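Participant: The primary structure of each chain is shown beneath.
Number of protein chains: 2
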Amino acid sequence: MANDKKLVEEITSMDVDFAKWYTDIVKKADLIEYTSVKGCCVIRPYAYAIWENIQTNLNRMFKETGHENVYMPMFIPESLLQKEKDHVEGFAPEVAWVTHGGNEKLQERMCVRPTSETLFCEHYKNIIHSYRDLPKKYNQWCSVVRWEKTTRPFLRSSEFLWQEGHTAHATEEEAQEETIRMLNIYAEFCEKYLAIPVIKGRKTDKEKFAGAIATYTIESLMHDGKALQSGTSHNFGSGFAEAFGIQFTDKDNSLKHVHQTSWGVSTRLIGAIIMVHGDDSGLVIPPKIAPTQLVIIPIASHKPGVLEKAEELEKKLSEKFRVISDTTDKTPGWKFAEYEMKGVPIRLEIGPKDIENNQCVLVRRDTGEKVFVSLDELDKKVGELLEDIQNNLFNKALKHREESTSYAKDYDEFKEIIANKPGFVKAMWCGDEECENKIKEDTTATSRCMPFEQEEISDKCICCGKPAKAMVYWGKAY
Amino acid sequence: MANDKKLVEEITSMDVDFAKWYTDIVKKADLIEYTSVKGCCVIRPYAYAIWENIQTNLNRMFKETGHENVYMPMFIPESLLQKEKDHVEGFAPEVAWVTHGGNEKLQERMCVRPTSETLFCEHYKNIIHSYRDLPKKYNQWCSVVRWEKTTRPFLRSSEFLWQEGHTAHATEEEAQEETIRMLNIYAEFCEKYLAIPVIKGRKTDKEKFAGAIATYTIESLMHDGKALQSGTSHNFGSGFAEAFGIQFTDKDNSLKHVHQTSWGVSTRLIGAIIMVHGDDSGLVIPPKIAPTQLVIIPIASHKPGVLEKAEELEKKLSEKFRVISDTTDKTPGWKFAEYEMKGVPIRLEIGPKDIENNQCVLVRRDTGEKVFVSLDELDKKVGELLEDIQNNLFNKALKHREESTSYAKDYDEFKEIIANKPGFVKAMWCGDEECENKIKEDTTATSRCMPFEQEEISDKCICCGKPAKAMVYWGKAY
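Protein sequences, first through last, are from chains W and E.
The first sequence begins at 1 in our numbering and counts up by one.
The second sequence begins at 1 in our numbering and counts up by one.
Simulated from the structure, these hints should not be mistaken for laboratory data.
Predicted model only: the values in this text are computed from it and were never measured.
It cannot be assumed that every hint is accurate.
Stated by the list, open to error - Here are the in silico distance ranges between beta carbons for each label pair: (1) Asp133(E) x Glu455(W): 53 to 61 Å; (2) Asn392(E) x Pro304(W): 51 to 59 Å; (3) Ser130(E) x Asp376(W): 40 to 48 Å; (4) Lys380(E) x Lys353(W): 48 to 56 Å.
Unchecked claim - Chain W residues, not near chain E, derived (Cβ > 10 Å throughout): (5) His223; (6) Ser254; (7) Glu311; (8) Phe321; (9) Gly333; (10) Asp379; (11) Tyr411; (12) Glu453.
Beta carbons: idealized from backbone N, C-alpha and C, even for Gly.
This is chain W alone, in the form it adopts within the complex (with noise of 0.2 Å):
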């Protein structure tokens, strides 16, 4: 067992650095390699395979509610960028620009797409005549560029990979529908699938997407109590298609504009993976979206039949579920380590005294217990004990996230608890962004959402202490 010791001391505890811990994960867990162009990473194929899990459900989910995926360009002329005012303010200072095709300067420069909205707006305005050509509901999965100063494997860098939805509609109503929906898909999906528990809400005014009448967001509590924004869907009313001249001919004949909504997700997910379920060992991944739900481990297995045995295993488990078998020359000591920290979700040992009373053993990554189980029931045991972790890893985020969440009735209360607890504070607020910015200044907490199961704590706003018009969640974030 001395490398399997060797391998896991070689992860910064989370208790003593979690920014450590977490890019300790990222490297040992094959997930991130950094490269010489600044601010991007090569994704390496264990993260990829995650990604590919989430793209295939999300993808299910998006078609199931009728939307199709299209592709825009990659580029965006600056003149196409500047259409909107609020949205050009908010992009401009972090686009990468263009300027030189092969050897020629360009007419005029483009910028690597921060996010489409203008692009299809542009294609909207073309495609879209009559109400019959209502409503649209595309989306699009690319690499999107954001030039960032500080970057994080994940969380923060200069290129990430999304999802982008982009839909109009006819009626101020049904762009509203269509936001909330997506909103509640990506909770879905956050919860049943990433088992990351999460508030649903609305941002305020200073934190909504540039171009937005209201953005709604999904939060997720991280193990060291910091807050990440998980996930957005935004309602962009009318403004976008008054920017770039989208009418159509309603059934009445009128002329009207269309309303739009878009809504993204991003690799940034697979942070939250990490940092939600993580432990000192590695990675632990929820069964629904890893890529190895179980790894055979022959113990022994220089012993005849022991190979065998393994291979006949991962054949018939792979019929219903993502499994491998390590038949390499390594210790089974390293190889136990090398998969926690990968965060297979079960560990299958078989070695020959097993096979002698037609056994296995099952080990849980996220608890640790070990199960011997009979061959026979070897299938039912597999797809039990896959549930049971899944629903084990939810309750354990969410009860963490519920020891994590705070009520301040007061400033001087909301300030100690920021400054002592790791975690979200329940806070009244009165809606004026002079306070969210002076709580940021005073404690670097930001306003996380205004969550739609609102709570009466008090009448009064925690900072000015004029009448409180909603409670938020208050917290650091990523």
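Model the placement of chain E on the given structure of chain W, informed by the hints.
Facilitator: Relative to the frame of chain W, chain E by itself:
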């Protein structure tokens, strides 16, 4: 049927103007929409759905042969692009350069990837150390940018979608084996899924990839007799490894350079589908790759029971096939023309009389043939018909290619065929680039490939009369 005629009349006949016919189809079948970004198009949902089917099938074939997906940065710093001399010479003239991030000028400009060899090399240098780390068999799905002066949807555009495989091996033999394996996978995919017969062969040195020691290609023949390079697979030898210093310690403890390959296909394949199978009524999509395999069109849908029956059939057939049902209030004639334009393999018509007789009408897109089918055996008949259409499309394309392939024994005969008969010409070549250049100058035909299946037409080069080294497929190409 007035609407029907009108819609069909809107496409230019392929015999009148093939190029116009092509662009008419990409617009009218809702495949492409132009944008204000020079040389870049919107890939609309119907075209993107074809691409998704291409991706799904190729992805499976790649994974079955041990390849893993990754994601590399979209930018390449200028100094990294310059590391391999031939490579930078080949690509530098056609890249897009990013010079500014936000408001700041970059210290070193970066290009948007035209292909990612240099990024994979940098990564491989970091992660390959021992023979145990080999082979590395990675693939990436992404978009790339090559600044084109004249563009054409799917065939030549400044940005396009593709996959690029990049592998590293311990030996020359393994690299060569991989190069041919992937060429064979492309050939199998084109023939089985796209119903497009291909010629497999090796490119001449003049036509090979910048930095490769050998490039292999699959060449297909379009309806107008022009060739389309449909996929390439390159053996890099150890050239890139030497330029980038990618070395590993072999079993014998000696330090060696890896041997590399790369291979790719792109959205160009959608152009091939259009130009191989399409006709004057629009697209014809092979069933295995068609987003919709069967469209149900209710006849006299105001009559009681018709819409219900259409829905019932849709539900039943959807269990096995990709089916939609058009129950809008447009005329059947309009719908017939619309789905012909979109190349849906089978149209199912059902009206009150059919329901009475427990039957429906199936109409093949490829031949226009109509058959009455009992509803009791509909599943079975649809399956058989789809298979038959798939085979028929392949056989028709193969027959066309065979009829459009000629032999030329001498240069006069060669020039006469190239001038008067569109298609491939097989002719002998001495191996000298000067002859290739002269032939291109005289006839505009280029060497497409030296096919694996060589024939000895004569023993002399058709151009210079010197001893022949290989039989070459020549042709005008996209």
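Participant: Under the constraints set out in the numbered hints, which ones does this structure not fulfil?
Facilitator: none
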